[in-house]
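Produce the complete structure using the sequences and hints provided.
For reference, the chains in residue letters:
There are 2 protein chains.
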Amino acid sequence: MNSTTGPGAGTAAGFSRRALLGGAGAGLVAGAAGGAVLGRATAAASAPAGPAGSGALGAGQVPFHGPRQAGIVEPQQARVHLAAFDLVPGAGRAELRTLLRRWSGTSARLGRGEPADEYESRIAADAGPCSLTVTFGFGPTLFDRAGLAEHRPRALDPLPDFPEDALDRARSDGDLWVQIGADDALVAFNALRVLQRQAAGTATQRWQMTGFGRTPGATARPVTGRNLMGQVDGTNNPRPQDQDFAAKVFCGADEPDWLAGGSYVVLRRIRMLLDNWENLSEDRQERVIGRRKSDGAPLSGGGEHTAVDLAAQNADGTLAVPADAHVRVAAPASNGGAAMLRRGFSYHDGMLPDGSPDAGLLFLAFQADPRRGFVPVQRKLSRGDGLSRFLRHEASGLYAVPPGAPEGGYVGQALLEG
Amino acid sequence: MNSTTGPGAGTAAGFSRRALLGGAGAGLVAGAAGGAVLGRATAAASAPAGPAGSGALGAGQVPFHGPRQAGIVEPQQARVHLAAFDLVPGAGRAELRTLLRRWSGTSARLGRGEPADEYESRIAADAGPCSLTVTFGFGPTLFDRAGLAEHRPRALDPLPDFPEDALDRARSDGDLWVQIGADDALVAFNALRVLQRQAAGTATQRWQMTGFGRTPGATARPVTGRNLMGQVDGTNNPRPQDQDFAAKVFCGADEPDWLAGGSYVVLRRIRMLLDNWENLSEDRQERVIGRRKSDGAPLSGGGEHTAVDLAAQNADGTLAVPADAHVRVAAPASNGGAAMLRRGFSYHDGMLPDGSPDAGLLFLAFQADPRRGFVPVQRKLSRGDGLSRFLRHEASGLYAVPPGAPEGGYVGQALLEG
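First to last, the sequence lines map onto chains C and S. First residue of the first sequence? That's 1 in the UniProt record's numbering, and the numbers climb one at a time after it. First residue of the second sequence? That's 1 in the UniProt record's numbering, and the numbers climb one at a time after it.
Incorrect hints may have been included.
Repeated chains share a single entry, so a pair holds when one copy, or any two copies, can fit it.
Dumping the calculated EDC-like pairs for lysine to aspartate or glutamate here, alpha-carbon to alpha-carbon at most 20 Å [claimed, not checked]:
#, residue 1, residue 2
1, Lys293, Asp117
2, Lys293, Asp309
3, Lys293, Glu118
4, Lys293, Asp254
5, Lys293, Glu282
6, Lys293, Glu114
7, Lys293, Asp283
8, Lys380, Asp369
9, Lys380, Asp324
10, Lys293, Asp157
Note that these hints are calculated values from the structure, not bench results.
As structure tokens, this is what we get:
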């Protein structure tokens with residue numbers, strides 16, 4: 001487990017999270033990490049030169065401790081586990097504190113490539129930390145159960161029902177939310193397994209999902225990722241160098257003190273009706289999205305990063321970007337400037353009884369306030385988005401994401417010891 | 001999709017399959033590919049030096065055409081899809097031929113990093129082939145259905161029932177078997193999706209499973225992989241440079257002509273009872289396996305690759321490798337020299353209703369004859385192996401794996417046009 005002590009240890013991801021976020025202004029951020037949130041490949045491109053197979057991927061290291069939790073602005077990893085836990089009857093504030101202290105300590109050790117504790121089963125032995133991140137969130141139900149009702153932020157009110165929702169409540173919600181990302185599936189599984197075992201007696205796992213993204217180095221140059229519909233996805237994600245990035249993604253002064261510097265994350269498990277989607281011609285797919293499939297350029301012209309011109313018309317006077325195109329309905333201009341940092345992963349859980357793939361998007365979006373982010377956007381999408389005919393929202397969650405923990409501290413400490 | 005045209009295209013995996021197997025004797029094999037079957041990391045180590053993130057992982061290319069099918073002796077990829085298909089009523093030899101010709105052509109194109117055909121949905125666009133391999137097998141039921149009963153090899157008789165089997169027949173067997181491996185999950189999914197759609201009207205998917213292994217570069221040096229029990233797994237796998245490698249893995253002259261140079265593959269979906277396993281002390285786990293957990297060395301002494309001394313005793317006169325230890329019961333010496341090329345992947349399909357992980361091993365073993373390979377080994381294991389208390393065999397399959405197809409040909413051609 002000590003491969004991180006070799007040359008390049010701690011720098012293989014191309015930047016350290018402290019350098020990225022440690023009280024930095026926009027100037028500091030615009031350097032190494034510029035555009036890093038746009039996609040996995042960007043991180044790979046910023047990794048130092050070194051022989052492939054030298055363990056450079058394994059040595060990638062993201063510090064657990066810092067002003068923000070890890071796993072929000074860092075490049076998405078190749079593998080992700082999401083899980084929710086509910087406190088067992090009888091467990092309250094004290095037990096929650098013990099668990100979060102333990103989970104935080106473990107996550108920090110695993111993030112350094114060290115064994116966790118006596119629960120470690122050596123599944124990740126030999127491998128480096130592989131850019132492992134562990135991120136914790138608190139669901140709306142946690143506060144009553146842990147005797148913290150007066151600390152529950154109003155922005156954590158349950159999400160409204162949307163017209164096309166088909167939610168499985170057993171795979172939604174939960175008191176505690178955990179996101180584990182790593183570039184190696186065994187490293188990610190090991191972390192999940194250790195956290196599961198440490199929760200025993202305090203919290204039971206409510207649901208667990210697994211997702212994936214591109215493996216670093218799969219593309220020859222940095223590119224925005226694609227989803228399982230084959231569409232370029234993430235072009236307009238906020239970037240850390242944007243002036244209003246923090247205001248969009250991280251909580252402001254109107255939030256409880258314990259959440260200062262934190263965020264909210266919305267999870268939607270969105271199944272894609274791929275049989276239906278793939279029966280469309282590419283031309284029709286493009287009009288559903290409003291972007292070219294080959295390179296993600298808007299149908300109003302230009303390249304991938306050209307701003308969408310919603311007023312542009314075809315020669316015959318029709319809208320270049322159709323009235324129900326996804327990019328039009330989702331455009332910030334249509335939603336009072338609402339913005340979220342999307343960090344979605346694809347998922348594929350085998351075959352459904354009808355023979356179609358159980359596959360789609362584990363949509364994750366970090367935002368300063370879901371009432372100004374996800375809720376208005378999804379309200380519009382659920383009514384007017386042509387893409388919604390090809391999607392099923394099957395699970396949902398909303399969690400407050402506390403700020404990061406300093407060395408020696410744990411996530412949620414300001415809430416639990418406030 | 002054209003990243004393979006850049007520098008290093010076709011060589012990033014460190015060797016070409018033609019160089020490895022194109023009529024080569026042991027001398028040729030012992031070079032670049034030596035030990036490659038032992039684990040993923042070996043392949044990464046043999047990749048050419050180049051800047052991480054340069055797309056070297058993506059450019060890895062394994063030719064589809066050749067005397068053997070791809071995906072048998074090549075290093076295991078980070079991601080695998082397994083699927084079985086059954087011919088639809090009315091589909092026979094002619095329809096099967098059309099499908100295999102189409103699947104073969106598509107697999108060759110995808111293996112070169114080219115789009116498949118009109119069914120390609122651009123999911124893998126931007127990425128290189130990522131060492132994609134597609135391997136086809138024929139189940140015992142195929143021959144009657146396709147009017148080929150007289151060509152069915154006797155070694156394809158259904159596997160016997162073993163005492164502890166708990167097989168789900170809906171996830172077992174099948175007329176046609178497909179193994180898709182790639183170092184990028186989107187590339188693998190794209191290939192699966194295209195093959196699924198091409199089968200429509202000829203064959204329906206019977207089951208589909210997904211597995212994973214180490215990501216290239218996750219370890220600092222080449223090492224044998226680990227399974228989800230945390231155990232080093234694969235130490236004694238036959239190696240291509242072994243004198244008797246081909247005799248163990250590939251069919252001999254006693255097989256039908258159409259299978260010359262082919263193989264048999266046994267699939268077992270083996271769930272691990274991880275809650276029970278992890279409750280054992282590491283010391284007890286080691287005695288169940290017969291090897292040290294830290295480095296895989298046999299309990300009889302030495303290092304990982306030291307031969308197991310089954311007669312060795314502890315100071316108190318007890319056997320160093322217990323009587324029911326997995327390595328003792330599975331040892332070739334206990335099975336008349338039976339050997340298989342294991343190419344297993346871990347799997348993790350979320351949470352079972354009891355809260356435990358639905359996780360374990362997609363055991364795959366290629367062999368010259370299952371009646372001298374898997375069957376006698378599993379017969380012994382199912383009776384005397386201490387490890388079997390922690391395993392559940394939940395699905396099973398046996399397939400004949402035809403030889404590879406030459407350029408312009410397709411897999412199974414000698415059977416279907418013989």
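Right, here's what the structure says about each hint:
1. For the identical chains of this complex, Lys293 and Asp117 are inter-copy neighbours only, at 15 Å across copies versus 47 Å inside a copy, given an alpha-carbon limit of 20 Å.
2. Within a single copy, Lys293 and Asp309 get their C-alpha atoms as close as 17 Å, which meets the 20 Å cut-off; across copies the closest is 60 Å, which misses it.
3. Only between protomers do Lys293 and Glu118 lie at most 20 Å apart by alpha-carbon distance; the minimum there is 14 Å, versus 49 Å within a single protomer.
4. Within a single copy, Lys293 and Asp254 get their C-alpha atoms no closer than 41 Å, and across copies no closer than 52 Å, so neither meets the 20 Å cut-off.
5. Taking the shortest Cα distances, Lys293 and Glu282 sit within 20 Å of each other inside one copy (7 Å), while across copies they are farther apart (52 Å).
6. Taking the shortest alpha-carbon separations for Lys293 and Glu114, only the inter-copy value of 16 Å comes in at or below 20 Å, while the best intra-copy value is 43 Å.
7. For a Cα distance limit of 20 Å, the shortest separation of Lys293 from Asp283 inside one copy, 9 Å, qualifies, whereas the shortest one across copies, 55 Å, does not.
8. Taking the shortest alpha-carbon separations for Lys380 and Asp369, only the intra-copy value of 17 Å comes in at or below 20 Å, while the best inter-copy value is 61 Å.
9. Taking the shortest alpha-carbon separations for Lys380 and Asp324, only the intra-copy value of 10 Å comes in at or below 20 Å, while the best inter-copy value is 63 Å.
10. In this assembly of identical chains, the alpha carbons of Lys293 and Asp157 never lie at most 20 Å apart, being 37 Å within a copy and 48 Å across copies at closest.
Of the numbered hints stated above, those contradicted by the structure are hints 4, 10, listed in ascending order.
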